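Just need the whole structure built from these sequences, with the hints factored in.
There are 2 protein chains.
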Amino acid sequence: MSMTVWTYDWVPGAERGPRGFVRDVRLRWALEEAGLDYDVKTTPFAERDAKHFERQPFGQIPFLEDGEITIFESGACLLHIAKKSEKLMPRDPAGEADTLQWLIAGLSSVEMVSVPWWFLSISGAENKDLTGWLRKRLDHVAAVLSEREWLAAARFTVADLLMADVLRVPKVRAFAESEGIEKYIERVCARPAFKKAYADQVAHFVAAERARNALT
Amino acid sequence: MSMTVWTYDWVPGAERGPRGFVRDVRLRWALEEAGLDYDVKTTPFAERDAKHFERQPFGQIPFLEDGEITIFESGACLLHIAKKSEKLMPRDPAGEADTLQWLIAGLSSVEMVSVPWWFLSISGAENKDLTGWLRKRLDHVAAVLSEREWLAAARFTVADLLMADVLRVPKVRAFAESEGIEKYIERVCARPAFKKAYADQVAHFVAAERARNALT
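As given, the protein sequences belong to chains A and B, one line each in that order.
Under this note's numbering, the final residue of the first sequence carries the number 216; numbering is consecutive throughout.
Under this note's numbering, the final residue of the second sequence carries the number 216; numbering is consecutive throughout.
Derived by calculation from the structure, the hints in this document are not laboratory data.
Note that the structure is a prediction, hence the values are computed from the model and not measured.
Keep in mind that the hints are not guaranteed to be accurate.
Identical copies look the same in the list; a pair holds intra-copy or inter-copy alike.
Unchecked claim - Pairs of lysine-lysine, DSSO-like flavour, derived with a Cα cap of 30 Å:
id: 1; residue 1: Lys51; residue 2: Lys171
id: 2; residue 1: Lys183; residue 2: Lys51
id: 3; residue 1: Lys136; residue 2: Lys171
id: 4; residue 1: Lys128; residue 2: Lys41
id: 5; residue 1: Lys51; residue 2: Lys136
id: 6; residue 1: Lys83; residue 2: Lys196
id: 7; residue 1: Lys183; residue 2: Lys87
id: 8; residue 1: Lys183; residue 2: Lys83
id: 9; residue 1: Lys41; residue 2: Lys83
id: 10; residue 1: Lys171; residue 2: Lys128
id: 11; residue 1: Lys195; residue 2: Lys41
id: 12; residue 1: Lys171; residue 2: Lys183
id: 13; residue 1: Lys41; residue 2: Lys84
id: 14; residue 1: Lys41; residue 2: Lys136
Shown next, in the form of structure tokens:
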């Protein structure tokens, strides 16, 4: 059965806006890597109704429909999809644990610092302690990447997909100032599955913008 | 085979310090819930050597040893332990997906905001946007908890363990000002497995403090 990735019907489209970075890209990318069928449906960005909160209690996207199951949180969706394809996560216990720890590290050790740092930087409220904390976290990631090509299990896994998506946010990528991290992002994002997922998302939001402009 | 939870040999012990809140408590608690054997070993808090970074690339704790496997990130360790016990996560696909999404929500939708908020508050650098963001996230959690006793699968799961541990941080708990959240924390932390894990961690660090004071 085909799965459905839910995203917004539209997002604000400034030149450096979120197009290409909305988190449904993580799910599209994982499904492309796994070679699984999916379609994409949308929920309004502007008005988040009860039905949206029923499926995503924080009023965000993405969420994934898989038959009777609806699952939210991009990290949880990635682990759900990874259960269906060895391409995203090895099946031996050690490889599985390695992939799991690095996927969670992307969320809890890097994104937990990079997103608030980015969020404060938008309003010009940078905090030096938070900046120092992000620097340390990125330095640790760079140290690991100086010794290996992929984070887990000596091969591409869903942990690389997540970590590269966290690191490729333009402000974070520029702040990293690390050749190792830059080459890692390039390596992971050179994958055809990423290119397709990214292009599909951008096309989706560009079409939405055109439709919106035609109406107004 | 018995598992090993790794934590620090000592942590600074101010009255409102981290004793009882160091994240090895999450692993102890999950192992107590699951009824699995474990022991606890320590790595120095003060000097984090190469061996520590080999096992936890960000120089933190906890990490878990399970035979040949070492796994870091408390969230990943919880999911690893949950694979071994239905008490932590139901075995039907819908219950599993529900538990997974709420465990990740605890990390990525709540802790990703509460920890940086708490971190900035230590240095008196509260940011009103971050405070507003945390308020919204806690309101969403409170709305969900107004309708049900447990987050996922209509029963206690590892998602409640994680979410309650995120919410019970004293500053976050006080800021929430939500009867629903307060009652939820009380309900989850009334579990004997939590009480044992908490008491064991406090005893561990109190003993470490006494040993340290005896030496100096």
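Against the structure, the hints come out as follows:
1. Lys51 / Lys171: For Lys51 and Lys171, the Cα distance exceeds 30 Å both inside one copy (34 Å) and across copies (32 Å).
2. Lys183 / Lys51: between (42 Å within a copy, 27 Å between copies)
3. Lys136 / Lys171: both (16 Å within a copy, 25 Å between copies)
4. Lys128 / Lys41: neither (41 Å within a copy, 34 Å between copies)
5. Lys51 / Lys136: Classified as between; 18 Å across copies, 41 Å inside a copy.
6. Lys83 / Lys196: within (22 Å within a copy, 33 Å between copies)
7. Lys183 / Lys87: Cα proximity of Lys183 and Lys87: one copy only (22 Å, versus 43 Å across).
8. Lys183 / Lys83: This pair counts as within: shortest intra-copy Cα distance 28 Å, inter-copy 35 Å.
9. Lys41 / Lys83: Intra 23 Å, inter 32 Å, cutoff 30 Å: intra-copy only.
10. Lys171 / Lys128: Both: 16 Å inside a chain and 22 Å across chains, each within 30 Å.
11. Lys195 / Lys41: Only inside one copy: Lys195 and Lys41 sit 20 Å apart there, 45 Å across copies, limit 30 Å.
12. Lys171 / Lys183: Answer is within; shortest intra-copy Cα gap is 16 Å, inter-copy 40 Å.
13. Lys41 / Lys84: within (21 Å within a copy, 36 Å between copies)
14. Lys41 / Lys136: between (39 Å within a copy, 26 Å between copies)
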